[in-house]
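Novice: Model the placement of chain C with the ligands on the given structure of chain R, informed by the hints.
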Amino acid sequence: MTTDKVFLSASGLSKSFDSVQAVNDISFSIERQEIFGLLGPNGAGKTTTIRMLSTVLEPDAGDVEIGSRSALREAGEVRKIIGVCPQEIALYEELSAIDNLVFFGRMAGLGGKEAKEAARANLELVGLLERGRDAVRKFSGGMKRRVNIVVALMSRPQLLFLDEPTVGIDPQSRNHIFDTVLGLRDEGMTVLYTTHYMEEADRLCDRIGIIDGGSMIALGSPDELKASLDQDGDVTLEEVFLNMTGRSLRD
Amino acid sequence: MTTVLRQASLIAAKDTRIFFRDRFALIFSFLFPLLFVVGFSLALGDVGPSDDDFIFFVSTQEERGISRQIIESLTSAEDSSVVYLEYDDAARRTEDGEIDGFTLFPGDFTERLFGDPPASIEIALGGASPGERAAIRGFADSIAGQLGQIGTTMAVIAEVGGPEALGRADPASMAAGPGLVELEAEQVGGIEPVPATNFTLPAYLTMFVFFAAAMSAEAIARERQNHTLERLMSNGTRRESVIVGKFLTSIYRGFMQLAFLWVVGIFAFNIDLGATAPAVILVSLLMALASSCFGVMLAAIVKTHNAAVSAGVLLSMTFAPLGGCWWPLFITPQWMQSLGKLTPHGWANTAFNKLMLFGAEFGDVLPEMGMLALFAAAFMAVALWRFRLSI
Ligand SMILES: Nc1ncnc2c1ncn2[C@@H]1O[C@H](COP(=O)(O)OP(=O)(O)OP(=O)(O)O)[C@@H](O)[C@H]1O
Ligand SMILES: [Mg+2]
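Protein chains in written order, with this note's numbering: chain R, 1 to 251; chain C, 1 to 391.
So that you can see chain R by itself, here it is in the shape it has in the complex (with noise of 0.2 angstroms):
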């Protein structure tokens, strides 16, 4: 149940793929106006639980509710109101990083000129409106980023879903996507945000859900998981993750 305080509610989450318990059982929610990270090695079962989570992908078992609709039963109400950022960079290369944005824009049901307007904010927002008519296939590696994110905004989500936002992308990069959240959190947004940067998972995240082999092995802030690992002196979220994933190679 979504109340007027939590936002997104999940229970009892699972998927397989063929042979692959990709995700097992997962609940949490998240609160409105919360940065939630979700934390795991690779192939925990962040992008499959973000699937599922923004309605493209069935789940074998439980129920996701967002603003107190369902996800599965109410799909097309629930896009309307979130936003995602996919792990990939999903763009079209040919076309401009505007034309991108008017297109998604548009696409979410924005008229030509409301699109336009905020296809130039965004790109302001990630400091590319002077790139903007420059083909994406163009970009660097981190402009790409910069513009898969802005994506999610055009539909002005309440919910944004951020799957590892800052691959590949320079310190300076990173640390003005980081503002932009933030600012987007302020102005009101929730968002779920997962990487595999624990620093910054730390100094971003409100709460924090650990996942390892598709199941959720600890929930709390971040200053509550470190609390957990009992030992001396300054933890960082690292350890934390370490302690509680193990130290041996996946995938």
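Honestly, I wouldn't trust all of these hints.
[Said to hold, decoys possible] A few chain C residues facing chain R, derived, Cβ under 8 angstroms:
hint, residue
1, Gln7
2, Leu10
3, Ile18
4, Asp22
5, Asn226
6, His227
7, Thr228
8, Met233
9, Ser234
10, Asn235
11, Gly236
None of these hints come from the bench; they were simulated from the model. Ideal Cβ positions, reconstructed from N, Cα and C, are used throughout, including at glycine.
Specialist: The following block gives chain C with the ligands in isolation, referenced to the frame of chain R:
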């Protein structure tokens, strides 16, 4: 419904924009078919001599009929070296030695073309040199060669003595009188009036409209793999919108290909669609329709874009010859003609050949049109059933 149409047209507009930025796709869709049409029209030997100085004279004893059409198309080309003469005039000039000889369609040419005994093309030769005789004979041969198979044999009669001998002989008795007349029998096919573009243009148009549509499956599958389709889905885009949008993109491109090739055909190759124009255009539109549906279906059933490329190329390059794009279906054995019926190409080409080579009318190609519509519906049904937005 309005959502689907709105979203579909946004997708089609976006994809068309991408198409026009893709130089290779443009070359592949427009230039390739044009090169094929030109190349194969030359190779198939548009009737006429390669020697510019030589003038061929043709005549017919028919008031109307296929020979008139053949002569019309032989003489209509800009730089045609074929000249039409009234029969009496041609005969007199040959006798007077004014011209070396001429090719004659006898009065029963059309009638006998489909019947028994077989039709003949006759050659009247005056005092022509051996080289000139060979040229005139070669000319008549090539006309005979252009006449496709109707399961019959055509006699090309060369008459050495002069035009008087022309009317009197039937092929059998002529064979008995060596020296005076030469008889040459050869396997020839149905009626393929010149120019060769009347066959090659619709054939390569069919091949490339289908080819381009099949290759569009690659782009769709790639979009699924790079998650733009899934992104659209989470954005509120309906599955039907994507299917219809991709279909619209494809059929719009098909229409542009059709318009381009027909305009080139009419203005550069003097293709005369005449009264059959509406039927020819409708058949091409239906072929574009079936092809577009096929492209979307292919995208729906393949897993990866590599599979889409392989399947697209393989099927396009199999269906084209099977469906009569490389050689006319009616010259092939019965079993190949039956195989051709399994492809939309086969039906389209049969309709084009009927209309543009055999002088059929609108009503005659209704079955082919119906079959093309049926192919389109079947392909679209599979697409609607199987199309997925995510991997
Ligand atoms: N479409 C699919 N078909 C088959 N298996 C899949 C599919 N998607 C995910 N999996 C499997 O499910 C498991 C979880 O994958 P998922 O992508 O959710 O992990 P992740 O936590 O996002 O990993 P990463 O950090 O590497 O992105 C993996 O074992 C993966 O191989
Ligand atoms: Mg992932």
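Novice: Does each hint hold? Answer for all of them.
Specialist: Verification of the hints:
no. : hint   : in the structure
1   : Gln7   : 6 angstroms, holds
2   : Leu10  : 5 angstroms, holds
3   : Ile18  : 5 angstroms, holds
4   : Asp22  : 7 angstroms, holds
5   : Asn226 : 6 angstroms, holds
6   : His227 : 4 angstroms, holds
7   : Thr228 : 5 angstroms, holds
8   : Met233 : 5 angstroms, holds
9   : Ser234 : 4 angstroms, holds
10  : Asn235 : 5 angstroms, holds
11  : Gly236 : 4 angstroms, holds
Violated hints: none; the structure is consistent with every hint.
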